[in-house]
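Please build the complex by placing chains B, C and D on the supplied structure of chain A, with the hints as guidance.
Chain residues, written in single-letter form:
Number of protein chains: 4
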Amino acid sequence: MIRLVNFGAVAIALFLGAAIDQRSGAAQTPASGGPVNTALIEDLVAANRILAEEGVLDSYGHVSIRHPTNPNRYLISRTLAPGLVSADDIMEFDLDSNPVDPRGRGLALERFIHGEIYKARPDVNAVIHSHSPAAIPFGITQVPMKPVFGAASFLWVGVPVFEVRDVGGPATTMLIRNGSLGKALAATLGEKPVALLRGHGDVVVGPNVQSAVRRAIYTEVNARLQAIAIGIGGPINYISEEEGAARDKMAGGEAEARAWELWKRKAMGK
Amino acid sequence: MIRLVNFGAVAIALFLGAAIDQRSGAAQTPASGGPVNTALIEDLVAANRILAEEGVLDSYGHVSIRHPTNPNRYLISRTLAPGLVSADDIMEFDLDSNPVDPRGRGLALERFIHGEIYKARPDVNAVIHSHSPAAIPFGITQVPMKPVFGAASFLWVGVPVFEVRDVGGPATTMLIRNGSLGKALAATLGEKPVALLRGHGDVVVGPNVQSAVRRAIYTEVNARLQAIAIGIGGPINYISEEEGAARDKMAGGEAEARAWELWKRKAMGK
Amino acid sequence: MIRLVNFGAVAIALFLGAAIDQRSGAAQTPASGGPVNTALIEDLVAANRILAEEGVLDSYGHVSIRHPTNPNRYLISRTLAPGLVSADDIMEFDLDSNPVDPRGRGLALERFIHGEIYKARPDVNAVIHSHSPAAIPFGITQVPMKPVFGAASFLWVGVPVFEVRDVGGPATTMLIRNGSLGKALAATLGEKPVALLRGHGDVVVGPNVQSAVRRAIYTEVNARLQAIAIGIGGPINYISEEEGAARDKMAGGEAEARAWELWKRKAMGK
Amino acid sequence: MIRLVNFGAVAIALFLGAAIDQRSGAAQTPASGGPVNTALIEDLVAANRILAEEGVLDSYGHVSIRHPTNPNRYLISRTLAPGLVSADDIMEFDLDSNPVDPRGRGLALERFIHGEIYKARPDVNAVIHSHSPAAIPFGITQVPMKPVFGAASFLWVGVPVFEVRDVGGPATTMLIRNGSLGKALAATLGEKPVALLRGHGDVVVGPNVQSAVRRAIYTEVNARLQAIAIGIGGPINYISEEEGAARDKMAGGEAEARAWELWKRKAMGK
Numbered sequence: 001m002i003r004l005v006n007f008g009a010v011a012i013a014l015f016l017g018a019a020i021d022q023r024s025g026a027a028q029t030p031a032s033g034g035p036v037n038t039a040l041i042e043d044l045v046a047a048n049r050i051l052a053e054e055g056v057l058d059s060y061g062h063v064s065i066r067h068p069t070n071p072n073r074y075l076i077s078r079t080l081a082p083g084l085v086s087a088d089d090i091m092e093f094d095l096d097s098n099p100v101d102p103r104g105r106g107l108a109l110e111r112f113i114h115g116e117i118y119k120a121r122p123d124v125n126a127v128i129h130s131h132s133p134a135a136i137p138f139g140i141t142q143v144p145m146k147p148v149f150g151a152a153s154f155l156w157v158g159v160p161v162f163e164v165r166d167v168g169g170p171a172t173t174m175l176i177r178n179g180s181l182g183k184a185l186a187a188t189l190g191e192k193p194v195a196l197l198r199g200h201g202d203v204v205v206g207p208n209v210q211s212a213v214r215r216a217i218y219t220e221v222n223a224r225l226q227a228i229a230i231g232i233g234g235p236i237n238y239i240s241e242e243e244g245a246a247r248d249k250m251a252g253g254e255a256e257a258r259a260w261e262l263w264k265r266k267a268m269g270k
Numbered sequence: 001m002i003r004l005v006n007f008g009a010v011a012i013a014l015f016l017g018a019a020i021d022q023r024s025g026a027a028q029t030p031a032s033g034g035p036v037n038t039a040l041i042e043d044l045v046a047a048n049r050i051l052a053e054e055g056v057l058d059s060y061g062h063v064s065i066r067h068p069t070n071p072n073r074y075l076i077s078r079t080l081a082p083g084l085v086s087a088d089d090i091m092e093f094d095l096d097s098n099p100v101d102p103r104g105r106g107l108a109l110e111r112f113i114h115g116e117i118y119k120a121r122p123d124v125n126a127v128i129h130s131h132s133p134a135a136i137p138f139g140i141t142q143v144p145m146k147p148v149f150g151a152a153s154f155l156w157v158g159v160p161v162f163e164v165r166d167v168g169g170p171a172t173t174m175l176i177r178n179g180s181l182g183k184a185l186a187a188t189l190g191e192k193p194v195a196l197l198r199g200h201g202d203v204v205v206g207p208n209v210q211s212a213v214r215r216a217i218y219t220e221v222n223a224r225l226q227a228i229a230i231g232i233g234g235p236i237n238y239i240s241e242e243e244g245a246a247r248d249k250m251a252g253g254e255a256e257a258r259a260w261e262l263w264k265r266k267a268m269g270k
Numbered sequence: 001m002i003r004l005v006n007f008g009a010v011a012i013a014l015f016l017g018a019a020i021d022q023r024s025g026a027a028q029t030p031a032s033g034g035p036v037n038t039a040l041i042e043d044l045v046a047a048n049r050i051l052a053e054e055g056v057l058d059s060y061g062h063v064s065i066r067h068p069t070n071p072n073r074y075l076i077s078r079t080l081a082p083g084l085v086s087a088d089d090i091m092e093f094d095l096d097s098n099p100v101d102p103r104g105r106g107l108a109l110e111r112f113i114h115g116e117i118y119k120a121r122p123d124v125n126a127v128i129h130s131h132s133p134a135a136i137p138f139g140i141t142q143v144p145m146k147p148v149f150g151a152a153s154f155l156w157v158g159v160p161v162f163e164v165r166d167v168g169g170p171a172t173t174m175l176i177r178n179g180s181l182g183k184a185l186a187a188t189l190g191e192k193p194v195a196l197l198r199g200h201g202d203v204v205v206g207p208n209v210q211s212a213v214r215r216a217i218y219t220e221v222n223a224r225l226q227a228i229a230i231g232i233g234g235p236i237n238y239i240s241e242e243e244g245a246a247r248d249k250m251a252g253g254e255a256e257a258r259a260w261e262l263w264k265r266k267a268m269g270k
Numbered sequence: 001m002i003r004l005v006n007f008g009a010v011a012i013a014l015f016l017g018a019a020i021d022q023r024s025g026a027a028q029t030p031a032s033g034g035p036v037n038t039a040l041i042e043d044l045v046a047a048n049r050i051l052a053e054e055g056v057l058d059s060y061g062h063v064s065i066r067h068p069t070n071p072n073r074y075l076i077s078r079t080l081a082p083g084l085v086s087a088d089d090i091m092e093f094d095l096d097s098n099p100v101d102p103r104g105r106g107l108a109l110e111r112f113i114h115g116e117i118y119k120a121r122p123d124v125n126a127v128i129h130s131h132s133p134a135a136i137p138f139g140i141t142q143v144p145m146k147p148v149f150g151a152a153s154f155l156w157v158g159v160p161v162f163e164v165r166d167v168g169g170p171a172t173t174m175l176i177r178n179g180s181l182g183k184a185l186a187a188t189l190g191e192k193p194v195a196l197l198r199g200h201g202d203v204v205v206g207p208n209v210q211s212a213v214r215r216a217i218y219t220e221v222n223a224r225l226q227a228i229a230i231g232i233g234g235p236i237n238y239i240s241e242e243e244g245a246a247r248d249k250m251a252g253g254e255a256e257a258r259a260w261e262l263w264k265r266k267a268m269g270k
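Protein chains in written order, with our numbering: chain A, 1 to 270; chain B, 1 to 270; chain C, 1 to 270; chain D, 1 to 270.
These are computed hints drawn from the structure, not numbers from a lab. Being a predicted model, the structure only gives us computed values, none of them experimental. Note that the Cβ used here is the ideal one computed from N, Cα and C, for glycine as well. Mixed in with the good hints, there may be bad ones.
[What the hints assert, rightly or not] Only pairs whose alpha carbons sit at most 30 Å apart, straight line, appear in this in silico DSS-like list of lysine-lysine:
no. : chain 1 : residue 1 : chain 2 : residue 2
1   : B       : 266       : A       : 266
2   : C       : 264       : D       : 266
3   : C       : 266       : B       : 264
4   : C       : 249       : A       : 146
5   : B       : 266       : D       : 266
6   : A       : 249       : A       : 183
7   : A       : 266       : B       : 264
8   : C       : 146       : D       : 146
9   : C       : 264       : C       : 146
10  : C       : 146       : A       : 264
11  : D       : 264       : C       : 266
12  : C       : 264       : D       : 264
[Stated by the list, open to error] These stretches of chain C come out as covered by chain D in the derived footprint (C-beta under 8 Å, 3 or more residues):
no. : region
13  : 50-60
14  : 84-93
15  : 101-110
16  : 143-155
17  : 256-268
Bound-form chain A, shown alone (with noise of 0.2 Å):
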C-alpha cells in the first residue's frame, strides 16, 4: 500500500473530514500538487540527515524535491537546521516559491534557488544548496574545481562560480532572496551539476535526489583532494573530459543504491 502526503489546505480539509475552503480570501495562495507518496518525503528527509551528518550541510542550507505528479510544485523543510528536519517540516511551494501551505511557518530565506531552477531545468528533480566547506575556497580563488577521482567525475564539464555582486551589486547581502537572483543563479548553473557561489556555497542538482545527494557529497570529497593535489606539487593529472563523458554514461542505479544505504544508516540510526 502506497501511503500519501497531502500538503495543500484542501487535502488536509478533507484529511480532517471539513468542509471549509480555507483558501477563501487567499487570492495568492498556489493549490497543492496533490498528495506524495511518504517514501519519497522520507527520502527527503534522509537527504537533509544524511548532508548534515557528511558535513556538507551545517545549521544552514537546504535539500528540496520537484513534486512527484506536478511539475510546478517542489517541497522542502520550512527554515530549519537541515540536521533536525521530519516529515512533518516538509512544505510545498509553487516555482515562484509561493507556499501552498504556510500555516505560519518560517519560509527558507533562499528558497528562490530552487524555484528558479526547477522552472530552468525541467531534467533536474532535486536541488540542494550549501555552504560545502571544502567547496568554498574554491570560489573565491583562482584554481577551477577540476574532478580527481572517479566518484566526482561529473565535474568534468566544468563547476562555474556566481558572482552575486554581478547581478545584484557591490552591497547585497549575498543572500539569493528573490527570484530575481534565483533566475540569474540558474542561469550560471546552466545544464551543470554543480555550480559555486562565492564567499557563500554551492548547489548541486540531480535528476533524483539519492543523485542529488551523492553529487554534494563527492563534490565536498573532491575539493578536499584537489586541495591536497595542490599543496603535494603539480601539474595534476584530473579526470579527462573523455572519461567524465564515459562515466556520465553508466547508470548509475546500483552504485547510488549502495552508498545511499550506507550514508541513510549513518544519518538515521537504522
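Below, chains B, C and D alone, put in the same frame as chain A:
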C-alpha cells in the same frame, strides 16, 4: 512562571530562610546584582557545552554574560573545563572581577578579559575567550584574518591582534590575569566583534550569548577556510566591506535561532 | 570445534539435506573450493568494518581473501558498502571472477582486481581495493609516495601508479571491470604491497587479511603525514631502503595482533 | 583508606595466602618495589585511554610511571593497544627493563625508552612514547618545532630530534629495542620535556603522569598549528624564550587538573 537563581550572599541567606548577614566583615565583597532567570543561566551553560562540542573551546577558555538587570555584574563559570559546566558552577562578579559569593570556588584566572570588556563596551552582553585552534595561526603570521564566506561576514570590520608584549613587556606568562592587561585587550578590541591574542587565542563578543557563540564558531570556520584558500592560491576574493555592512543590517534573529537550536541539541543531547 | 561455512551449491544442498544438483545446466559455474572456517569469514567481515571505521573505505571499495584450501578461489562480499557487510554477504569466486553460487546477488563490479592479483601473486592471500582519500592525491601529482614513518616502512620498495589510459585508452570509465584491466593492474603492482590507481584509489595486498588491513591503514596515514611534511618544507628525511628492508624481516605477528585487536574492538563494538 | 596493588611475586603470594617463594631459581628477576596505591594505577590507565581518545597514541605507543616508593622501578602496560589498557595489564620493571613478574605476558618491545630515561632523569616520574601524528612531520623536515601558543610554551627550550642512524647505523628497524638505543635517546632528550624520533614519533616526560599527558597532547596540537601557520606564511611570531621561562614558573596544578578532569571524563566515560 519565571524561575530565578540567586547569586549573592543575602539572596542565598533569604533563600535558606536565614537572617545572618554573611557579608559582615567582608567589606570588599560586592553585592549581587539580583536574581537571574534560570533560562538565561541555561543558555550560558549551553554556550559552554556548544563551544566545547564544536571544537572552539578546549579544556580552557570561558564564556560570560552580563547580568541581565545590573550592568555592573557578570556571570561566568568557576574554573572548570567548559564541556563540564553546569548551572551550579556559574558565579557572579563585579566589573573589577571580584566574586560576589566565592564560597571557596576556583576563580577563572583570566576573568579580567570579561570585566574590562563589559566596562568598555556597553553594547556587549556576552564575552567568549577561546583557544580557537584555526584562529591561533592568524595571530602569529602576516596574513590578516578576513571573511571568506557569508556566515563570517561580521569580520569585515577587521580583526585586530593583541600583542601582550606591548603592554606587559617581554616576559609575561601571556595570561590576562589582571585588570590592567584586560583593559589593554579591551582597547585593542575597540568596537569590533573579534580580536586575536597573539600566541594565545581570541576574544569574541556579542549583544547576547547566542550571537557571541555564532560569531565564535564562524570565526573558527572562517579561519579554516581562509587557510585552505591561501593554500590553493590567491588573490582571494574576500567578502567586501559593502557586503559585510549590508549583512550587519540584517536582523540576526531567525538565522541565529536556527543554528542555536541545532548546536544545543548536539551539545546537550536533547 | 571448528565451524565451517559452505559456499558451493552442492555444499549448501547437503547442508539443507537436499539431493538436487543445482549446478546442472550451468556449465560455466565453477565448483566451490570447499567449506571455510567461520573464524576466517569473521576476520574478512571485520576487515570490511575496520577499514570503513578507519576512513580507508567509503561506500565503495572491497576486501577479499584467498580461499584457505583452494588457491584458485577467493571470497569477497556481494556489492555492498563495506561498513554494512556481514558473514551472509560473502560470496565465492574463481580466479576469472565467476561466482560459485550467485543466487541473484549483485557482484562487485571491480572484482577482477582481486582475481587477477591472486593469479599473479601466489604469496598474496588478501587484497584490498579502496578510495583511500589521502592516497588519491599521490596518484595524480608528481611526488612519489614514500614512507615517512616506521609503521609504513613497507612502502620502501616504491609505490607504482597504474594509469588506466595506458591500457584501456583515453575514454574508459576508469573502473577495473574486466580481466584484461585487472591483469594490467596486477602487472603494475608487480611484487610490491601497494599500487596507486590514478584518479581512483589504491590496491593493497598481504599474506593474510590482518596484514593487508594494517598496510591499507598505514598507507593512508603515511599519505597524510607525507603531504603535511611537504607543506612544512623539505628535503624530507624518508625511511631508507635499508631501514625498510630491516623492518620487513621483523616478524609482524605480535605487533599486527596488537593493532588488529584495537581496530576490531572499535569497528565491531566488542 | 588507601588501597594498594602488589606487583612482586612475594606480594602476590602473600595476597593468595601462599607460602611458596616463587622467586627461587629466578636469579635475574628483580624484586618488586612494593605495593602501589590503586589511585596511581588508575591514573596510569586513564593516561593510556586519554592519549588514545585524543589521537596522540594509536595502536602502539605506551605510557609509564616511576614506582612511587622505589625510584628504581617503573610501571607500564603489557604489550597492548593503549585504548584497551586496564589496571590488570600494568606490569613492573626495573630500570634495565627486566620484568618483576612476567607471568608469560608480552613485554612492550620499546620499554627501554622508559627505563633509560628514568635512569638519566631523576626529576621525571612519567614517560610517554607516541606516534603523535602531527609531530612526526617535524622530525623529518627542516623546520624546528617551536611553541606557537601558550599551552605548548614548555617547548621553548627546543625540541631535539633523535636520529637512530647516528647510533644504530643505517639498517636498524628504528625501534628502541635495547638499553643502548634507549640510553642514546635519553641523551638526546637531555633535560628537555620532549624529543622527536625521526620517522617514528616522540617521547614526552613530566614530573607526574598528568603533566606528561598534558605535554603530549599540546605537543600534538602545537604541531598541527605550527604546520598551518607555515602554510599561511611567515615569519611566525613564536612564543619567546622569556615567555616560555615565565610560564614554566607558573604552578601547573590547577590548570592541569582542569584539563585532566575533562579528558578523563571523555576517555573513561564517567
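Hints versus structure:
no.	hint	verdict
1	266(B) with 266(A)	holds (16 Å)
2	264(C) with 266(D)	holds (21 Å)
3	266(C) with 264(B)	holds (27 Å)
4	249(C) with 146(A)	violated (43 Å)
5	266(B) with 266(D)	holds (16 Å)
6	249(A) with 183(A)	holds (29 Å)
7	266(A) with 264(B)	holds (21 Å)
8	146(C) with 146(D)	holds (26 Å)
9	264(C) with 146(C)	holds (27 Å)
10	146(C) with 264(A)	violated (37 Å)
11	264(D) with 266(C)	holds (19 Å)
12	264(C) with 264(D)	holds (23 Å)
13	50-60	violated (count 0)
14	84-93	violated (count 0)
15	101-110	violated (count 0)
16	143-155	holds (count 6)
17	256-268	holds (count 7)
When the structure is compared with the earlier hints, violations turn up for hints 4, 10, 13, 14, 15 and for no others.
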